[in-house]
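Trainee: Listed below, chain by chain, are the residues.
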Amino acid sequence: GNSVTQMEGPVTLSEEAFLTINCTYTATGYPSLFWYVQYPGEGLQLLLKATKADDKGSNKGFEATYRKETTSFHLEKGSVQVSDSAVYFCALKPTGNQFYFGTGTSLTVIP
Amino acid sequence: GAVVSQHPSWVICKSGTSVKIECRSLDFQATTMFWYRQFPKQSLMLMATSNEGSKATYEQGVEKDKFLINHASLTLSTLTVTSAHPEDSSFYICSASGSRETQYFGPGTRLLVL
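Here the protein sequences line up with chains A and B, keeping their order. Mapping of the first sequence onto our numbering: residues 143 to 253, in sequence order. Mapping of the second sequence onto our numbering: residues -9 to 104, in sequence order.
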């Protein structure tokens, strides 16, 4: 079946610290992988995506590489800011339209 | 990118009443719309998938008669929570997909049933 496992939060970091949020998946076939971000009181916004093995998605300083051999799509950022405080969701989408989301990881960045 | 709106963003209702939530694709035609439910500090759970002009497909465990979904046009889908109870209080999010299969998420509707 299809599922996503994310590292549990909450994660608290100081400004300019390095961020890693782990995500591993189980999927049938060759899914696309996504990271979505949810700011307080808002809906989900696409942060980045990768559609095939070894692709690297990047946006706003965040990066994630589609690793088929380890079935992982870890999110990284070299220097976080207070404005990055949000909940981050890893998701996969097999062929078709349905998404499978992880449970989300809450990130708080303190000045 | 494409824009999906939801209305209302917040609703408080009394137990036993029905609440309708609208999801609109503002600048594209959405052949498929999805409704998700999110409990506090949990992930999104897909409730149902609706295609324009046809009946929605509900996920296992979702009551069809309680969560009525209508997708009458290519830009509008509605979710009606009938006879709402406090346990229906949640954050409801829709997403819409057009011809390229990319999904765009709405900002969500927070429902509180008293």
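No wet-lab data here; the hints were simulated from the structure. Keep in mind that the hints are not guaranteed to be accurate.
[As the list claims (entries may be wrong)] Subject to a maximum C-alpha distance of 27 Å in a straight line, what follows is the list of computed DSSO-like cross-link-like pairs (lysine-lysine):
no. : chain 1 : residue 1 : chain 2 : residue 2
1   : B       : 31        : B       : 4
2   : A       : 202       : B       : 4
3   : A       : 219       : A       : 194
4   : B       : 31        : B       : 45
5   : B       : 4         : A       : 191
6   : A       : 194       : A       : 210
7   : B       : 54        : B       : 10
8   : A       : 191       : A       : 219
9   : A       : 219       : B       : 54
Trainee: Hints first: check each against the structure and report whether it holds.
Mentor: Tested hints:
Only pairs whose Cα atoms come within 27 Å are accepted, and residue 31 of chain B paired with residue 4 of chain B is accepted, the gap being roughly 24 Å. Proposed proximity of residue 202 of chain A and residue 4 of chain B is contradicted: the alpha carbons are some 42 Å apart, above 27 Å. For a cut-off of 27 Å, the pair hint linking residue 219 of chain A to residue 194 of chain A stands: about 21 Å separates their Cα positions. Using a Cα cut-off of 27 Å, the hinted pair residue 31 of chain B and residue 45 of chain B is violated, with the two alpha carbons roughly 31 Å apart.
Using a Cα cut-off of 27 Å, the hinted pair residue 4 of chain B and residue 191 of chain A is violated, with the two alpha carbons roughly 41 Å apart. Taking the CA atoms of residue 194 of chain A and residue 210 of chain A, the gap is about 9 Å. The hint holds against a cut of 27 Å. With a C-alpha separation of about 15 Å, the suggested pairing of residue 54 of chain B with residue 10 of chain B holds against the 27 Å cut-off. A distance of roughly 15 Å separates the Cα atoms of residue 191 of chain A and residue 219 of chain A; the hinted pair therefore holds under the 27 Å criterion.
For a cut-off of 27 Å, the pair hint linking residue 219 of chain A to residue 54 of chain B is broken: about 42 Å separates their Cα positions.
Checked against the numbered hints above, the structure violates hints 2, 4, 5, 9; every other hint is satisfied.
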